[in-house]
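All chains, please: the whole structure from these sequences, using the hints.
Protein chains in written order, with the working numbering: chain P, 1 to 754; chain L, 1001 to 1230; chain H, 2001 to 2081; chain G, 3001 to 3081.
Honestly, the hints are just simulated from the structure, not real lab data. Among these hints, one or two may not hold up.
[To be verified] Taking CB as the label site, the calculated pair distances span:
1) L:Asn1229 <-> G:Ala3036: 24 to 32 Å
2) G:Ala3036 <-> L:Glu1137: 36 to 44 Å
3) L:Thr1039 <-> G:Gly3049: 29 to 37 Å
4) G:Pro3050 <-> P:Asp30: 54 to 62 Å
5) L:His1026 <-> P:Ala272: 42 to 50 Å
6) P:Gly725 <-> L:Gly1209: 19 to 27 Å
7) P:Gly670 <-> L:Pro1069: 46 to 54 Å
8) P:Ala272 <-> L:Thr1039: 20 to 28 Å
9) G:Pro3027 <-> P:Glu385: 58 to 66 Å
10) G:Pro3027 <-> L:Lys1226: 53 to 61 Å
[Stated by the list, open to error] Some residues of chain G that are not near chain H, with every Cβ distance over 10 Å (derived):
11) Met3009
12) Thr3070
13) Val3071
14) Arg3078
[To be verified] With a Cα cut of at most 25 Å, we get these calculated SDA-like pairs of lysine to any residue:
15) G:Lys3061 <-> H:Arg2028
16) H:Lys2041 <-> P:Glu524
17) G:Lys3041 <-> H:Asp2074
18) P:Lys348 <-> L:Asp1040
19) H:Lys2041 <-> G:Thr3065
20) H:Lys2061 <-> P:Ala151
21) G:Lys3041 <-> H:Leu2026
22) G:Lys3061 <-> L:Ile1075
23) H:Lys2011 <-> P:Phe753
24) G:Lys3041 <-> H:Arg2042
25) G:Lys3061 <-> H:Arg2042
26) H:Lys2061 <-> G:Thr3065
27) P:Lys348 <-> L:Glu1072
28) P:Lys348 <-> H:Ser2035
29) H:Lys2061 <-> G:Pro3050
30) P:Lys348 <-> H:Arg2028
31) H:Lys2041 <-> G:Ile3014
32) P:Lys348 <-> L:Asp1038
33) G:Lys3011 <-> L:Glu1160
34) G:Lys3041 <-> H:Asn2069
35) H:Lys2011 <-> P:Ser251
36) G:Lys3041 <-> P:Glu163
37) P:Lys62 <-> P:Glu524
38) H:Lys2011 <-> G:Arg3003
39) H:Lys2041 <-> G:Ile3072
40) G:Lys3041 <-> L:Gly1109
Glycine included, C-beta positions come from ideal geometry on N, C-alpha and C.
Take a look at the letters that make up each chain.
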Amino acid sequence: MSALSVDSVQRAEQTPDERLPYAELGMKDDEYQRVKEILGRRPTGSELAIYSVMWSEHCSYKSSKVHLRQFAAKAPKSDALLVGMGENAGVVDIGDGWAATFKIESHNHPSYVEPHQGAATGVGGIVRDIMAMGARPVAVMDSLRFGAADAPDTRRVLPGVVEGISSYGNCLGLPNIGGEVAFDPCYIGNPLVNALCVGLLRKDQIKLATAPGPGNKVVLFGALTGPDGIGGASVLASATFEEESQAKRPSVQVGDPFMEKLLIECCLELFAADVVVGIQDLGAAGVSCATTELAAKGTGGMDVRLDLVPLRDPSLRPEEILMSESQERMMAVVTPDDIDAFMAICAKWDLPATVIGEVTDTGRLVMTWHGETIVDIPPGTAADEGPVYERPYHEPAGQAALNSDDAARLERPTDLRATLLSLLGSPDLSSKEWVTGQYDRYVRGNTVLAQPADAGVLRVSEVMPGATETNRGIALATDGNGRYAKLDPYAGAQLALSEAYRNVAVTGARPLAVTDCLNFGSPEDPEVMWQFAEAVRGLADACKILGVPVTGGNVSFYNQTGSVAIHPTPVIGVLGVLDDVRGRVPSGFTGEGARVVLLGETGEEFGGSAWAHVEHGHLGGLPPAAVLEAERALATVLVEAAAQGMLTGSHDLSDGGLAIALAESCLAHGVGCTVTLPGGDPFTDLFSESAARALVTVRPEAFAVFAALCGRHEVPYAGLGLTGGSSLTVEGVLDVPLDELRTVHEGTLPAIFG
Amino acid sequence: MSAARVGVVTFPGTLDDQDAARAVRHAGGEPVPLWHADTDLKGVDAVFLPGGFSYGDYLRCGAISRFAPLMEQLIPAARAGLPVLGTCNGFQILCEAHLLPGALVKNAGLHYICRDQRLRIESADTPWTADYTAGQEVVIPIKHGEGRYVADAATLAAVEANGQVVVRYLGNPNGSLNDIAGIRNEAGNVVGLMPHPEHAVEELTGGPGTDGLGFFTSILKSSLEKLVNA
Amino acid sequence: MARVIVEVMLKPEILDPQGQAIARALPRLGFSGVSAVRQGKRFEIELDGPADEAALSDVRKMAETLLANTVIEDYAVRVEG
Amino acid sequence: MARVIVEVMLKPEILDPQGQAIARALPRLGFSGVSAVRQGKRFEIELDGPADEAALSDVRKMAETLLANTVIEDYAVRVEG
Ligand SMILES: Nc1ncnc2c1ncn2[C@@H]1O[C@H](COP(=O)(O)OP(=O)(O)O)[C@@H](O)[C@H]1O
Ligand SMILES: [Mg+2]
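Have a look at this one:
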């Protein structure tokens, strides 16, 4: 065969027995058989390319689907939900005609291979998901996990990841308003890089990934298509054509944030001009995914001339074009009447845009390559009817032993001052300024709270020119705790949700909706699958009780080295709304003479705690109980107290318990405090990690009303003392000057990463 | 009398234009959007070149932007006395366009830095800083990867001797020579600084307060004075 | 004392947004006749001793592990002269 | 079709923190015998036509006005071969 001829449908019919390298593309025998049944013949190379990517774990959620259904089945009633799971991102109503869309996604493996580009393209991908909903992206967050902080590979991976997120996000002009950085040896070789983006739009401007209307044009716009991330596809190209793969095909993608910035502004102008019928970002499976999904959700058919796709590398084969993961591309469906206006706007932003096809009502996705038909499939079979597996699962063999290895057996410290400083300077709890200082948190001028606040808070007004003024704000937090989830994935997922929910509530925002990124090992390992099933069940149950629906998210499997998986790590993002953002509560102590009040109940809970981890390198027992009703009551109190202006500051309690919360509250604005512990065992009071707790400062004159509010909602409260002075003083227990706290807190990451 | 009109330029990749326009409004002026591909300054009283990553800042920050059609109008206008303020990327563009001496290179620490920065206003003698007093200390955010001001020894000596340093860092964040955070041209109408006064004009939004507002109130006053005297 | 040059360029199949941005700007600046631009890095390494085989092999190792990211970049080592 | 190389380096009197950071890292990585490192840029310019005098003069102008900032950088143009 000549280099230019292709594996056409006609050829496939004539050569029914030709063997295609489906196994090399990760497709199982029975999956390949199903493709043959669907088509009534063997697939062409291009068709195989489409099915193999669309039916991959990443795109089809084949191992997770049966579990994820619980998010919808158990979803609490929510008037706020405008678009639920299944779209590029969920959309929630935040009032005054405004809506917010947000989603978190992983880019774990690419960030290990090439930290800078892997993390950068992770940000790029999630931002395009948000754009595809018709929104203006307004902020990003990043949730990061690495191997031990002092491990040599962490010194390679962490700075690269941070630089990638920083260079890409900063260049897009999206403020970074929060995230996490955690370390654990289990993530060496499998760092977790989860990026979240939030966007704002008018309620009536939601765009969907759909291609209705026969005769409408299909436009590919943005970056040119190159040989990016198609290591697998070249197998196909060369195997089909019995020739050596001519060029090396990289598996690493390089991002171009400048192109993405143009794409954002261009899309917003296209939306404003109302010249877009349907739109889809090009993500993992590139053109395959965009065409099959748009066609499947529209009138059912689409004709595409694949040879019209503008290329960066003219040697690309059709199979490779279909699988290319080149970044910064979008696909839109446009009526013939609007096409000129559409093209003019792309030209204004200097973006290549090409009509590559047309919507049809044939129910078939048909692609040609220089006149020959190379794809002819029912698009829904690739997009929606992928395989679904009920993977076997069972509790891990060591789980019972792990859970009975109670942290109660660990030796308790006598010098609590030393314990506080040791925890405060540990990599997990130390200041993340080394990371966050590389992120622009100010751009666009709507950032109300960012690091070191518990949640990022944004002002909503001024996003869209001409839109109704509003004083509303949104708050976002992400949290996860792999140690808790390892001990009990059901509770661990609930605790991650609880913490993010609480972090939103401490700013005064009412939690509204959830996005999740589920990072696990191999789904083919029944023990990992058990962790996954438990985590999903826990999260779905907790969402129901807290009244916040899951609106979308992402599953990342195969985070493991050999047979050793990472800790199961559900990372949860919660979005909340402030009716009046001017009433937001800042983090920590903001001034002298305020009443320091501890909310919630403290038990003796040290399983999976920061203390057990840092001081004993111990992980065992059970995590703190997830107390969802108490969590909900606490949030109600925090939101009401904020709305009534009773609070001058607040901070949630999480890793490291009250001790760390006090220290962070002092450091936030350089205001000390003198407090007395509630009266139990000082070690437990200070370091236990019981959930549903927060530390607030109350205006002295409002204390009585605040106490009554707590009483009404049955939230235990304890006045601990007053803010003021230049040290953290816990009467009779410890006394540390703020300068010393600061040195310990801020020194750790710079000492390691320079 | 109508408010002073301050042009805010948008290049492909400009990021802080919305903030700059808001800051002009807060100070009581009228922001006028200027598009890089236009050749018309729309009769504005002053021009603000905001921060960002114009053209991705791929070659050198500001290197490609300075050739934009709008710049072909702006450069002679600035030479003729039109007040121009460039912050961050805007500062870099002004240096690349040789409207200001010296250059901005990678931070000494090699990292991008975003932080609230203490500064000293050195010169209240420009249309952009008249509302400050020389020696006044302010806190304004910085956010840049390439903000280290450099110039050869002769240029640096001249800049100092002419009193062209407008703002200095207190606690040098990036290795800038002589702690220089901002400078002006000899005439004084063109000012460039790395800090972002447009991010410090409101109590609510993040940042360290409203210390940056003075740049905007200054230019509105001096534009009005010009109108009155004309 | 010798000087060795290490040149690091993105592999040809890897997107080079920097070079692309320059190439796109050139026509606007009045330069025609350029079909592509790629941007890379150039390191000048001053050696204490001569650029003998041992030194060059050291520089090659340096390029491989530190100066270039061989996942996406190629490098070349040459002695200035 | 010819390829022209433009090399851009910071002037010697301008501090090069990137080069310095590399030089400082080398001993830790087990490389000795390097007294200094400087980092610059390298551009590969693909011409539509041959690298004749006219084309080279164009590239020189490009280097002077765009690729290098002559306030702080020096450049060199050479034909690959
Ligand atoms: N990777 C990151 N990106 C952005 N912000 C981060 C990141 N890591 C931590 N932060 C911010 O730093 C602050 C402190 O983080 P952390 O101690 O984890 O908070 P918390 O204990 O409240 O969850 C928070 O404002 C958090 O959002
Ligand atoms: Mg918190």
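Violated constraints from the hint list, given by number and in increasing order
1, 5, 11, 16, 23, 26, 29
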